[in-house]
Structure formats: structure tokens, C-alpha cells
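In order, the protein sequences belong to chains A and B.
Per our numbering, the first sequence starts with residue 1, numbered consecutively.
Per our numbering, the second sequence starts with residue 1, numbered consecutively.
Rather than coming from a laboratory, the hints here were simulated on the basis of the structure.
Possibly wrong hints are sitting among the right ones.
[Stated by the list, open to error] Which bits of chain B does chain A cover? Going by a derived footprint, with three or more residues having C-beta under 8 Å, they are:
| id | segment |
| --- | --- |
| 1 | 25 to 35 |
| 2 | 43 to 55 |
| 3 | 84 to 97 |
[To be verified] For lysine-lysine, the following BS3-like pairs were computed, each having C-alpha atoms within a straight-line distance of at most 27 Å:
| id | chain 1 | residue 1 | chain 2 | residue 2 |
| --- | --- | --- | --- | --- |
| 4 | B | Lys22 | A | Lys52 |
| 5 | B | Lys22 | A | Lys44 |
| 6 | A | Lys36 | A | Lys67 |
| 7 | A | Lys9 | B | Lys99 |
| 8 | B | Lys22 | A | Lys67 |
| 9 | A | Lys19 | B | Lys42 |
| 10 | A | Lys44 | B | Lys104 |
| 11 | A | Lys19 | A | Lys9 |
| 12 | B | Lys42 | A | Lys22 |
[What the hints assert, rightly or not] Listed below are several chain A residues computed to face chain B (Cβ distance under 7 Å; list not exhaustive):
| id | residue |
| --- | --- |
| 13 | Ile45 |
| 14 | Ile56 |
| 15 | Gly105 |
| 16 | Gly107 |
Note that the coordinates shown come from a computational prediction; the quantities given were computed from them, not determined experimentally.
Quick reminder that beta carbons are idealized off the backbone N, C-alpha and C, glycines included.
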Amino acid sequence: DTAVSQTPKYLVTQMGNDKSIKCEQNLGHDTMYWYKQDSKKFLKIMFSYNNKELIINETVPNRFSPKSPDKAHLNLHINSLELGDSAVYFCASSHSSSYNEQFFGPGTRLTVL
Amino acid sequence: GENVEQHPSTLSVQEGDSAVIKCTYSDSASNYFPWYKQELGKGPQLIIDIRSNVGEKKDQRIAVTLNKTAKHFSLHITETQPEDSAVYFCAARFVRDDKIIFGKGTRLHILP
Chain A
1 DTAVSQTPKY
11 LVTQMGNDKS
21 IKCEQNLGHD
31 TMYWYKQDSK
41 KFLKIMFSYN
51 NKELIINETV
61 PNRFSPKSPD
71 KAHLNLHINS
81 LELGDSAVYF
91 CASSHSSSYN
101 EQFFGPGTRL
111 TVL
Chain B
1 GENVEQHPST
11 LSVQEGDSAV
21 IKCTYSDSAS
31 NYFPWYKQEL
41 GKGPQLIIDI
51 RSNVGEKKDQ
61 RIAVTLNKTA
71 KHFSLHITET
81 QPEDSAVYFC
91 AARFVRDDKI
101 IFGKGTRLHI
111 LP
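Chain B extracted, bound-state conformation (with noise of 0.2 Å):
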């Protein structure tokens, strides 16, 4: 079936240190892998995406890499800063749908 798995459920680093997430996916036709960013009380908010056509991709200090052959993606975040703290969602494209399936999240806490 149609299914995203996204570890760890949560992530504590210290402030300056990198913090990775990974998620793996079911469907080997997925084309897209965007990775979204809750702060508490909002809406998700996209902070970096992936097409299939590409291994990585990288946006200041924030990367994605990706491994189709594994269906396999993840998320680096480098020089982690207090307002990185949130909750960090994976998912991706299933394509006979046309529909996005969200990971279940990472809350990710940045120790002072």
C-alpha cells in the first residue's frame, strides 16, 4: 500500500550540531519528496523539495538527499539553531493518485 516511514519520531542535538531524518517509501514510481516544517500553532510549511530526477539538493543550510534505488530519502540540517525546533514532516508523491502521503513527523528539539 501507499506508505511513508519516517524515523526518529524525535530528535534532540545540540545547538550547532547537524540533525538528520530519514524516510523510506513504498511506491518506486514516487516523483516527489517535499519536506515540510511545523512550528506550533501553524499550518506545515515547505522547506525544501526533491524530484526524482535528482540525488541532492541543497538550500543554505538545510539538504535532501535522495536514493530511488532504495526508496530512501533524507533530511540534513547543519548548524541547527533554536528556531530550527519544530516538527519536521517527509512525504512524497504517489503517482497513480496524484496525492501526497505525509511521514508521521520528527519533532526535532535544539538543546541551548
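This is chain A alone, in the form it adopts within the complex (with noise of 0.2 Å):
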């Protein structure tokens, strides 16, 4: 009965490679988030979508790359991965707006080499 699931819960990979983290909610919720949440605890805004229709994103370099191939699923493509890009990703759902509350999954720790 996970409400927000998130694949994998690690990830440890070189420098220069492309990951992809997958995020599922069954919730019925028709917004998702991507969240960073760095070393010192840090949760910032990635990216949110509506509907698969992509509504804020935050200056993020274009190596992340969103995809939300329906209103249940949200990945996050990671290309040429850099050492700051370790962090822990958490994918977050809810019900029309961010004016109703967030679920977060468990997220994935993303250990850069």
C-alpha cells in the first residue's frame, strides 16, 4: 500500500555517466515534484508537473531531464553526472496544487565517484 515509490533507494555511479531515477504514486494525484536535498539538509525545488505537463523548473542545468509519461509516474533522467549532483533525491505528489499537502517518497541516495 507504498503511496509514493521511488526506484532505486541507492545509487552509486562514476562521473561522466547518465541514471535515471523512476517515481510512482498511486494515490491518484495529479501533480508530481523532484526535490534535492543536499549534505547539510538542505530540500530544494527541482521540478513540478501537472497533468505530464511540465510547470516549474527551477534553473537546473539541462542535464536533468523530467519525464512523466503519465499523471502516476515521474522520472528523472541525470545526464553526465557530476560530483555535485550527490545528494538525496526525493519525488513528492498531491492533489492539484502546492497548496494541498505534499507525500514524499522514500528517496534515493545519489553518490557521485
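Fit the two chains together into the complex; they arrive one by one in their own frames, and the hints show the way.
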């Protein structure tokens, strides 16, 4: 009965590689988000999608490309990984807009070596 | 710019005492203020929220107050328990962009 799930939970990779993180929600929400949490625990919005349409893109490098195949899924693909991309990435979802509670996934810890 | 300031960054209180975390926000149009608790190795989870049409909300040991004039809101936890130890984030909704901006978090330690 998982609400927001992410895979993988841990991802260790070399600089320059390309990797993807997947997110799925079974809450029937129409808005999904990606957040980045750095080593100091700062939580920053990266992207949001509403009904598969990109709503927010927070000046994230274009090496990061989100894709929403349907309302229940929002994947994050990262090209040419850099050391500074190491962080925990959280997916979240909400009903309609950020005026409602966001439900977070368990996070994906990305380590770039 | 869009900003949420949160203080303190670390807070230690004796079990049974109260804890208070304070936040300020920059946009007077902000209308939704959630508080999230993040336990080790987990995603943030909403514990309480308040909308701009009320000044106070309470849920058992947790209460939030909002002062729109001062652009200030606070989280109050009474009768703290060991399971309250976690990182707490305040947040504010910035209406123009329809996005949530988080404060930098408060690490709360409950001392036995």
C-alpha cells in the first residue's frame, strides 16, 4: 500500500555516467515533484508536473531531464553526472497544486564518485 | 526574492519540555504554511499545516501559529517525547509560482 515509491533507493556511479530515477504514486494525484536534498539537509524544488505538463523548472542544469509518461509516474534522467549531483532526491505528489499536502517518497541517495 | 528563514538550526530540549521553532517568509501573498517532520533515512512527512485565513491550529501536542502582518509562523510541540527527535522543516507557498519553499530545517534532539 505504498503511496509514493522511488527506485532505486541507492545509486552509486562514476562521474560522466547517465542514470535514471523512477517515481510512482498510487494516490490518484495529478501533480508530482522532484526535490534535491543536499548534505546539509537543504530541501530544494527542482521540477513539478501537473497532468504530465511541466509547471516548474527551477534553473536546474539541462543535464537533468524529467519525464512524465502519465499522471502516476515522474522519472528523472541525469546525463553526464558530476560530483555535485551527489544528494538525496525526493519525489513527491499532491492533489492539484502546492496548496495541498505533498506526499514524499522515501528518497534516492545518489553518490557520484 | 522567495525566501523562508527558519530558526534555530539545532534545538535540544529535555523530555517533557516544550519546543518552539520559528520561521519567517518573504512574500506577503503566501497563503499556505505546512510543517514537515523528517526522520532518519525517510522522506519528509506533513505533521500540521495552516492556511492564511486562520491564526492558530492545534493537533494534540502540536500547534502552529501564524502572524500574517509580521510574516512569521511558529511550531510548538508540548510534552516532548523521544520519538519527536527528527529534523523539522517549515515551508511557505509562493502563490505567483505555485510552489513550496522550505526553510533550512531544525534538528530537534529530545534529551532523556
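**Request:** If any of the earlier hints don't hold here, list their numbers in rising order.
**Result:** 4 and 8
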